[in-house]
Structures are given as C-alpha cells and as structure tokens.
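Chemist: The whole structure should be built from the sequences, with the hints applied where relevant.
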Amino acid sequence: KAGVTQTPRYLIKTRGQQVTLSCSPISGHRSVSWYQQTPGQGLQFLFEYFSETQRNKGNFPGRFSGRQFSNSRSEMNVSTLELGDSALYLCASSFPRVQETQYFGPGTRLLVL
Amino acid sequence: QKEVEQNSGPLSVPEGAIASLNCTYSDRGSQSFFWYRQYSGKSPELIMFIYSNGDKEDGRFTAQLNKASQYVSLLIRDSQPSDSATYLCAVITSNTGKLIFGQGTTLQVKP
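For the record, the sequence lines run as chains A and B.
71 is the number that my numbering gives to position 71 of the first sequence; each next residue is one higher, with no gaps.
57 is the number that my numbering gives to position 57 of the second sequence; each next residue is one higher, with no gaps.
Hints may be right or wrong, so weigh each one.
Taking lysine to any residue pairs in the SDA-like style, the calculated list, with each CA pair at most 20 Å apart, reads [claimed, not checked]:
{"#": "1", "chain 1": "A", "residue 1": "K57", "chain 2": "B", "residue 2": "S32"}
{"#": "2", "chain 1": "B", "residue 1": "K98", "chain 2": "A", "residue 2": "Q44"}
{"#": "3", "chain 1": "B", "residue 1": "K42", "chain 2": "A", "residue 2": "F60"}
{"#": "4", "chain 1": "B", "residue 1": "K98", "chain 2": "A", "residue 2": "Q37"}
{"#": "5", "chain 1": "B", "residue 1": "K110", "chain 2": "B", "residue 2": "G16"}
{"#": "6", "chain 1": "B", "residue 1": "K98", "chain 2": "A", "residue 2": "R67"}
{"#": "7", "chain 1": "B", "residue 1": "K98", "chain 2": "A", "residue 2": "R9"}
{"#": "8", "chain 1": "B", "residue 1": "K98", "chain 2": "A", "residue 2": "S65"}
{"#": "9", "chain 1": "B", "residue 1": "K98", "chain 2": "A", "residue 2": "F60"}
{"#": "10", "chain 1": "B", "residue 1": "K98", "chain 2": "A", "residue 2": "Q41"}
{"#": "11", "chain 1": "A", "residue 1": "K57", "chain 2": "B", "residue 2": "E3"}
{"#": "12", "chain 1": "B", "residue 1": "K42", "chain 2": "A", "residue 2": "Q41"}
{"#": "13", "chain 1": "B", "residue 1": "K42", "chain 2": "A", "residue 2": "G62"}
{"#": "14", "chain 1": "A", "residue 1": "K57", "chain 2": "B", "residue 2": "T96"}
{"#": "15", "chain 1": "B", "residue 1": "K98", "chain 2": "A", "residue 2": "F95"}
{"#": "16", "chain 1": "B", "residue 1": "K110", "chain 2": "B", "residue 2": "I18"}
{"#": "17", "chain 1": "B", "residue 1": "K42", "chain 2": "A", "residue 2": "Q37"}
{"#": "18", "chain 1": "B", "residue 1": "K42", "chain 2": "A", "residue 2": "P106"}
{"#": "19", "chain 1": "B", "residue 1": "K98", "chain 2": "A", "residue 2": "G62"}
{"#": "20", "chain 1": "B", "residue 1": "K42", "chain 2": "A", "residue 2": "T7"}
Covered, in the sense of this in silico footprint (three residues per stretch, anywhere, with C-beta under 8 Å from a C-beta of chain A), are these stretches of chain B [stated by the list, open to error]:
{"#": "21", "stretch": "39–49"}
{"#": "22", "stretch": "92–99"}
Everything labelled a hint here was simulated from the structure, so no lab data went into it.
Just so it is clear, CB atoms sit at the ideal spot from N, CA and C, and this is done for glycine as well.
Modeler: The structure is reproduced here in structure tokens:
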C-alpha cells in the first residue's frame, strides 16, 4: 500500500507570498493532520481534517488554513508568508480517527526569504 | 508547564547497551501514547503505541506506561548505531483530542 505523499517536497518563497501544500493520505485513511516542525519549537499541530471537516485546530494565526476534499486529499495554505514560517511541514494520515496511529508523509520543506 | 516533556539529550550509549528514553505528560486524562523515531532530514516513523498501564514489547523495543505518575518510557535493548536518531514522545490529550509531541530526545549509539 502506498504511503502518505506530499507535494512539493521543497519550496522557496519570499515574504508576503502565499503557498499551497498538498497531501495525499494512505488509501482508506480519512483523517489527515498537518504539523509544522522547526528546530526551536519542535513538532507543532496545525489542524486535523476528517471527512472534509476541520475537527481540530492548533494555535496558529489565521494565515494558516486548510481543507480536505472528498477523496481525503488535503491542502494547506499559508498566506502572507513570514520568515518564521520557514519549516518542515508534515502531513499525517490515520484511519479512521486521530486517536489511531498516524503515519507521516516525507514533508515539504519551505524556505521563506 | 509543557504538555509533553522530554530530555533533549543527547543520550549517548555504547553499542549493545540498553537505551532508556523518558517522557512525562501533564494531562492526567490522556489515554493514547506513541513513540516515533526521526532520522535527521526524514519524517517521523511510528515505533510503538501504548494505551494501558504496564509494559508493551515489540522486538528490541519496550514501551512502559505509568498513568498514575504520568510517565511513559521507551527502552531499546541491544542498541545499534542504526538506532541513532531523535525519539519523539506523543500523547493524545483528553481535553482537546490533539496529538501533542514532545521536543524529542536525541540518541547516539556509539560503536
């Protein structure tokens, strides 16, 4: 069974731009969670989607948003990028709820200049 | 107080020794606990999960949970250099249902 896939793998943007990251969960998984990982803050929860609905949200500003499609694929968007948004963005999928074990994708490394 | 706390390390052990990684959590009602391994430049990989008090063994890995002390640990027996990585403890909090990660402990296994 294919694992979680994320695109793109690497991205360079400048301050003020916006970015959209994509995540395809493991087949059959309906829950998708997003995390931001930085050396200083570690792994921080962004949000979780289940059946196209945001079920949980972390403590991030409104510039961070996401959505989930009917095929369980998910996207996250960051608008008005700041230097501090440079991080590894990880997507994880699980079946059928977040309490089940989560499997991570390879991540998207975002650099904001 | 952080929701999930780990000693950042590095924890250095010789090859063949037992590595003991510890984690404490603040939400007494938490029910689900996970250990992930993360190699440098890679994404976290699930090693084990534990839900009940006591020990759970899987190969060279043993997870230990003590809910009364709000403490979960991971033992790695016969440590190998390939075990050198950052180990992340994660807890699903009862009040929010979110999976919260500790900062991770870096393990170095020296040949």
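Chemist: Need the list of violated hint numbers for this structure, in ascending order.
Modeler: When the structure is compared with the hints, numbers 3, 7, 13 turn out to be violated.
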